[in-house]
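Enquirer: As a plain string of letters, each chain reads:
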Amino acid sequence: MHGLDLLSWILWMPIIGVLGVLLLPNEKTTAIKTWALINTIITFALTLVLWSKFNQDIPGMQQALSVRIPWIPQFHIYYALGVDGISLPMILLTGLLFMLCILSSWTQIKKSIKAYFALLLLLQSTVLGVFMSLDFFLFYVYWEVMLLPMFFLIGVWGGENREYAAVKFFLYTFFGSILMLVGIVALYYVTGQSENSFNILALSGGKFTTQTLSLFGQTVSFSKLFFVFMFIGFAIKVPVFPFHTWLPHAHVQAPTAISVILAGVLLKMGTYGFLRIAFPIFPDSAKYFAHAIAWLGLINVIYGALCAMAQTDVKKLIAYSSVSHMGFVMLGLAAMTVQGMNGAVLQMFNHGTSTAMMFFMIGIIYERSHHRWIVKPDGSRGYGGLYTQLPVYSIIFIIGMFASMGLPGLSGFISEALIFIGIYEKYTTITVLALFGLLIGAAYLLWMFKRMFFGDVNPEIKNYPDMTKLEVAYMVPLCVAVILFGIWPSPILNMMKASVGQLVSLLATF
Amino acid sequence: MYLNYLANVGRYIPELLLVVLMIGIIILETTYAEDEKNKKYVFILTCVGLVATFASLVANMSGKAEAIFSNSMIIDPFSTVMKMVMVLGTLGAVYLSTISKDIYESLKTEFIIMAIGVLIGGMILASANNMLMLYLGIETLSIISYVMASLKKNDERSSEAGLKYALFGGVSSGIMLFGMSHMFGVLGTIQFSGMAANIAKLDHTQMLIMMPSFVLFFAGIGYKIAAVPFHMWSPDVYEGSPTPVTTFFAIVPKLAGISALIRVTMIFFLTPSALRVGWVGLMMIMAALTMTVGNVTAIGQKSVKRMLAYSSISHAGIMIAGLVMINDIGVRAVVFYGITYLFMTLVAFYVTSIVQDKYGNDHFERFQGLIYRYPFMGIVMSVVMFSLTGLPPLAGFVAKFNILNALINSKYYSLAIILALNSVISAFYYLKIVRLMTLKTQESNEEIEGFGFLNQVIIIVMTAPVLILGIFWDSIMGLAEGAKIFIK
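Residue numbers (this note's numbering), protein chains in the order written: chain R, 7 to 516; chain B, 664 to 1151.
Since the hints were made in silico from the structure, they are not lab data. Think of the CB as a built atom: it goes at the ideal place given N, C-alpha and C, for glycine as much as any other residue. Warning: the hint list may mix true and false statements.
Stated by the list, open to error - Per the computed footprint, the stretches of chain R lying under chain B, defined by three or more beta-carbons under 8 Å from a beta-carbon of chain B, are:
#1 46 to 57
#2 140 to 150
#3 165 to 173
#4 357 to 366
All chains should be modelled from the sequences, with the hints used to inform the complete structure.
Expert: Take a look at the structure:
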């Protein structure tokens, strides 16, 4: 299907949305919102079409759907898109979450509405670009362009300390990716500037095990050096300890919808980077550093959970819980076994839905209370007794919370269980220690729940209205996803099985 | 021999045109009464002259590369492309001078005359094929620059800038001449190619003399492009000079110096020798230092102009980094960098100048909330700042990518990593402007006059290449690739 390929449509649909938003006059806010909503619905529908066309028996890229058009022939740079079992769940998640975010921003965003929706749609396009690119240069462009809308979305529509958060976010990510750029260019020359020098697929397979290079007078292994560079680039995004310090700031300051996107999709770009780029291109180094990655993952799990326990700001608590949960993904990746990897990809998807739920719920209560304190700085309760006052809200909150805790029957359980099964044989100590992370996770979530929802009714919350129809409307799809994939995860697992299996067998040969 | 002398004058039309233009403006200025109409004529004449020069440069592109005037100058695609960039830079600065309040009305014509003079010097420098022409170029460029820096006669800082510039310039020219005289003493010729040929035959003692003389020689050019540690003059001069002059300084003398440096490097050190090792080492250290010092110092600045001065130092460092590999890929990258640098610098200075004219100073706070009053200007300035940072899909990224490319191609990984990390440092202060413009509420509701329709259009036109070259850089890359250096 020349010129009409599905992936390009999905990728550029949000850009059409941006143009539409820009053409609409400033005052017509409803028209802008409606247009953005319709646009994201179309994008989501297209991702579903993509799913229907997806052949889950093919381990590599779906040839029928791939695109490869020269962009800068002089440098062998291509506009190359493709989809496989690892990227499809992420594309679906992106399509879904952005649609819901438009709905959630409907009433929550009050200033510069036009710019906000334009930037949000631009962000969607760049995120999709990251998940679809098969050309390293194109990947890098999308990876970086994503910084622009994020910078402004946090910086303009964020909370009080938004500037600091936006700049920190920008600089951290930029630092990580610029090192990656050096790696990209180095790969280009090591492979002889050929047709496939920016082709992520052609670079994969561990072709750089023996090369060395000289850095500041020292001879170092090419593969190890650039694996570390790319690791830092992706680890900052995940975020892996000790590169996580930007995350709590960014999350707390960002508006609700952006927190959702950040936790739900952007963090996954980091782990996706490992799966698509760092591991397949440098499998030997991935193997070499696997143990270290596992330990870092463990630190993430425990440290994130302990930090979460100490928070009195509920949004910060969930932000740290993301750090903890992304640690599980890192553990699954470090395991490099079929179960572990499948678990990791599934956890990426499930964490996307459950954390998105939590952030949405926090945004909804923030709309009513205009603060997020579990315990206010002066020591009084921020909430308390929400359960009796806001029953619908409480039920949905419980679903989200238990999903993120990993209660059996909800989505988080299956992915975490798979990860533990996958990693147990390789790193028994780490597994045992990580299980404590689950325990702490249950503890801080339940403790938070107790302080917010049970107990005497705080007079302040008496006149909070329960969730509006709109709010329920955008929470329902996530509730369904969390419950459905908790009971019946096979659609997602089948989708990625073949692709993950291919990666695991590649890693097994080193 | 003497007959041959004028034979190639056809290739020298651009420079001659400029000389005629310069004289023409002097006559026009002195014969007509001082009034608005006269100014308009001068400006139109300048524009026509510069465009004609540009056109003749384009015509020159198609001719074959050759040495003219008894091999004292080279007309090759490389010098022609660099000259085109310089002409465009001058055109930009000249237009800025007509709208800027930073230059006294009565001196605007003088600015144009001197700018053309500097441009002629820069073009000589870009074409120089022997030490004499190189020195003549540098001096033509410098002596007029000293005057330009102190164009704001009643302003202390401007006078200080001029004096500083002159003192530093005089000393560094002396040092350079000293180095050149040793080179002549040892190598016996001032022709670049002849010198390069003789380098291969040097014995050990002679080599020992040559090494320091090359360092001394570099001091002169390094001073012109404000390479660390010869950069001390640059921030003060940039801040003290009127903004159009600063704009001009940031582009023409800098690129002229870079082109001379490229030519010297490519001719002298194309073949391996002990000197080459030393020179590459020197360049690497200079590049790393220039980038880092420029960027780190820029962070703490309060004045946008001064910040841009430091940022231009760091960009010069990046361009020097494109020299260490001494091959065509490096030259190509530097040429491309020069082209993008031109547009980014022009836009940045235009916006700064207009904001400064409004408020009387150019402190960072003056940019607060600019985007809410002038969405287009805010966006354009943000685009340029992100481009200077090196963010895709903007031209600045492609330019940096090409330098990285060239570095890694020749396995200079250490320098590549230093360059990459420098981008992060630079992001810090470029973001500061973006942050102030977009994230802060505006300082006042006052209108800024300079952002009239015409100026907005001009600024947007200058920004367009920044966007276009970020995505479709094939054609300009082809141009830069064609800008080969001719050695004779």
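Enquirer: Now, for every hint given, state plainly whether the structure supports it.
Expert: Hints and how they fare:
no., hint, in the structure
1, 46 to 57, "violated (count 0)"
2, 140 to 150, "holds (count 3)"
3, 165 to 173, "holds (count 4)"
4, 357 to 366, "violated (count 0)"
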